[in-house]
Amino acid sequence: MKTKLSKSLMFVSALAASGIAGAQDSDQPVMVEIKKLSMDTALTIAKTAIDACREEGVQVSVTVVDRGGHPQVVLRDVLAMDLSLDVSYRKAYTAMTFTSPTSALEDRFTGPFSVGKVDNVLLSAGGVPIQASGETVGGVGVSGAPSGETDEMCAQAGVAAVEMDLEMASF
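Per the working numbering, the very first residue in the sequence shown carries number 1; after that it's consecutive.
Among the hints, a few may not be true.
Distance ranges between label pairs, derived from CB positions [to be verified]:
1. Met81 / Glu149: 15 to 21 Å
2. Glu149 / Val118: 21 to 27 Å
3. Pro146 / Thr99: 25 to 31 Å
4. Leu83 / Gln28: 43 to 49 Å
5. Lys35 / Ala104: 20 to 26 Å
6. Glu106 / Ala160: 17 to 23 Å
7. Val78 / Glu33: 37 to 43 Å
8. Gly69 / Glu167: 21 to 27 Å
9. Glu167 / Arg108: 26 to 32 Å
10. Ser133 / Glu56: 27 to 33 Å
Hints are computed from structural coordinates only; laboratory data are not their basis. Every residue gets a Cβ at the ideal spot worked out from N, C-alpha and C, and that includes glycine.
All chains should be modelled from the sequences, with the hints used to inform the complete structure.
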């Protein structure tokens, strides 16, 4: 029994050592830099989206998620329904995950067991990815307007407010 355990430990050790050596020989860096939105940039996106919807006469909720899908900024205008908070998050999450405006996904997943049935995925207009230098760094979702098109227009306005800053950002 003891010899079997010793042989197993030696085998596992050899595998680990070869894996470590293989990792050191690859061209992959030891550390990876990750681009993230600053809180101020995320807040500008959310506030601009709220303001754009107010100009349309509607009060909405806005969620900005980071590249991992975690809420970074959440705003709900005074008269926006509570339900719009969850919906705005799900739109932001979906836009970030699929790197696409959610309006472009509405008819894409229609089967009974499709991706559209996964938690937090919402295939409804109102979500827009946030990109910087060709990389998706987050998503913004808006909910509460009478139509998804208005929600998405407000989300687009939020991203447009910081678009130049995102493109010119140094990393």
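Any hints this thing doesn't respect? Which numbers, in order? none
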